[in-house]
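Asker: As a plain string of letters, each chain reads:
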Amino acid sequence: MSVLVRIPTPLRPLANGQNEVQLAGGSVREILENLVNSYPGIRERLMDEKGEVRRFINIYVNEEDIRFLDGTHTRIKDGDELSIIPAIAGGCR
Amino acid sequence: MNNPSASPQPSPEGKKGLSLMKGLKCRECGRIYDLAAIHVCDFCFGPLEVDYDYEAIGKILSRGEIEKGPNSLWRYKYLLPIKEEPTIGLHAGMTPLVRADRLGKALGLKNLYIKNDTVNHPTLSFKDRVVAVAINRARELGFRTVACASTGNLANSVSAHAASAGMDCYVFIPHDLEAGKVLGNLIYRPTVVSVKGNYDDVNRLCSEIGAEYPWAFVNINIRPYYAEGSKTMAFETAEQLGWRVPDQVVVPIASGSLLTKIWKGFQEFSSLGLVKRHPELRVNGAQAEGCSPVYQAFAAGRTQFIPVKPKTIAKSLAIGNPADGYYALDVIGKSRGQVEAASDPEIVNGMVLLAETEGIFAETAGGVTVACLKKRAEKGAIRPDDLTVAYITGNGLKTMEALTGYLPEPVGIDPNLASFQKIVHPS
Chain A
1 MSVLVRIPTP LRPLANGQNE VQLAGGSVRE ILENLVNSYP GIRERLMDEK
51 GEVRRFINIY VNEEDIRFLD GTHTRIKDGD ELSIIPAIAG GCR
Chain Z
94 MNNPSASPQP SPEGKKGLSL MKGLKCRECG RIYDLAAIHV CDFCFGPLEV
144 DYDYEAIGKI LSRGEIEKGP NSLWRYKYLL PIKEEPTIGL HAGMTPLVRA
194 DRLGKALGLK NLYIKNDTVN HPTLSFKDRV VAVAINRARE LGFRTVACAS
244 TGNLANSVSA HAASAGMDCY VFIPHDLEAG KVLGNLIYRP TVVSVKGNYD
294 DVNRLCSEIG AEYPWAFVNI NIRPYYAEGS KTMAFETAEQ LGWRVPDQVV
344 VPIASGSLLT KIWKGFQEFS SLGLVKRHPE LRVNGAQAEG CSPVYQAFAA
394 GRTQFIPVKP KTIAKSLAIG NPADGYYALD VIGKSRGQVE AASDPEIVNG
444 MVLLAETEGI FAETAGGVTV ACLKKRAEKG AIRPDDLTVA YITGNGLKTM
494 EALTGYLPEP VGIDPNLASF QKIVHPS
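Chains as they are written, first to last, in our numbering: chain A, 1 to 93; chain Z, 94 to 520.
With the rest of the complex left out, here is chain A (with noise of 0.2 Å):
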């Protein structure tokens, strides 16, 4: 499963400048995984010490917070879009 992924500005940088990135993963958590594999220096800033996506950043999939779905289990097909949002930074969407 292949899905685009979208990087707010402030991790951009740390993604070699690209505001979107496509990613493999059957769900979010994998997705996720695969994100911050690729580019790991926004591991720190996307998740806590125990790897749990940090809670002040919300996960859209195709406009949806994850919250109203089934979490970071979340499955994912071909086409969707996955969005990255600071919870209360805004201007990233």
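Not one of these hints is a red herring.
A short, non-exhaustive set of chain A residues, derived as facing chain Z with CB atoms under 8 Å:
hint : residue
1    : Arg54
2    : Arg55
3    : Asp65
4    : Pro86
5    : Ala87
Hints listed in this document are in silico derivations from the structure and should not be mistaken for laboratory results. The beta carbon of each residue, even a glycine, is placed where N, CA and C say it ideally should be.
Please build the complex by placing chain Z on the supplied structure of chain A, with the hints as guidance.
Answerer: The following block gives chain Z in isolation, referenced to the frame of chain A:
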């Protein structure tokens, strides 16, 4: 375009400054920032909060110093995030703390008080506190335009304060607000933007607008300063109780900021020695059933809330994705308080009960608070002798639609004594 929100611009430290702020500090990771118009940690995206020099404040502040101050929230200016003497919003705060014996009797409580912000100045809600602080700080930071995302009361207060300050003003509200709250903006002649969406949509849009324009969004880029104004609800309560901290407080939850700041206010007074340490203070939250993410998380024993899509008559509390929800849960948990939720009919009953027992006409949020207070009392979680304060944050004249069909019509008579005696038959 000069964009104050994009470039940190600490204003002159001013050795004669009032408030002894050290900087802004991330509530999540603790990183320190300049005292600028910023609200988010660059590193972990957590919210920023004002960090004070409490040692220095402790040397200046005393009960006597406070008692000599003006009859407004500015008597606590050393614990508020401004650096110069305030010039706007000089009459906000010091609202009545009403001993509520009749409501207490109805609920089986002998020691109940109402903190009555239905009569706050100038726009009849607790938002006059946070806006008074935010507007002064925004002016210190050099802004000429003020803005907000609002469920109504905040927009009213920002509009009024901006008018009196002669500042340009943009307020953004959901399209379905009560007529009183819409008119309560328009009269001050700001630009009122009605957004086809709920508050959470408005808030997200405003975050984007805030990144484009050099405006002081009081609850976005000015939020670290703005939110501090809510502490004065606790300061006043303690002073009005004779420098005591209550056993129990009941606070409505929208973003969760008010509840966390009331807790912080009591903590600051305790640590500065202005009141006796009071480890027993229990902070209870009140939400509307139709928008209760904090209640649901608390009931399920979770430390994280799941956002909801609001559906309640308590529109001022209709925030489905509360910015301070995590911190509200934290405060409620560590103070051993609880959260209750009230249905729409219970909210109206709460409004009526408060009005008929205490003569206070609160908006729907006040109905939520009273309904949740009632539940706490009925469960015995608030004991009859507990010194209890319920926070009533807004005025009922702004949410009259909620009462449609709930109250009896006036008795109609002809203009003569016979008609009066026949139809009314007074006892």
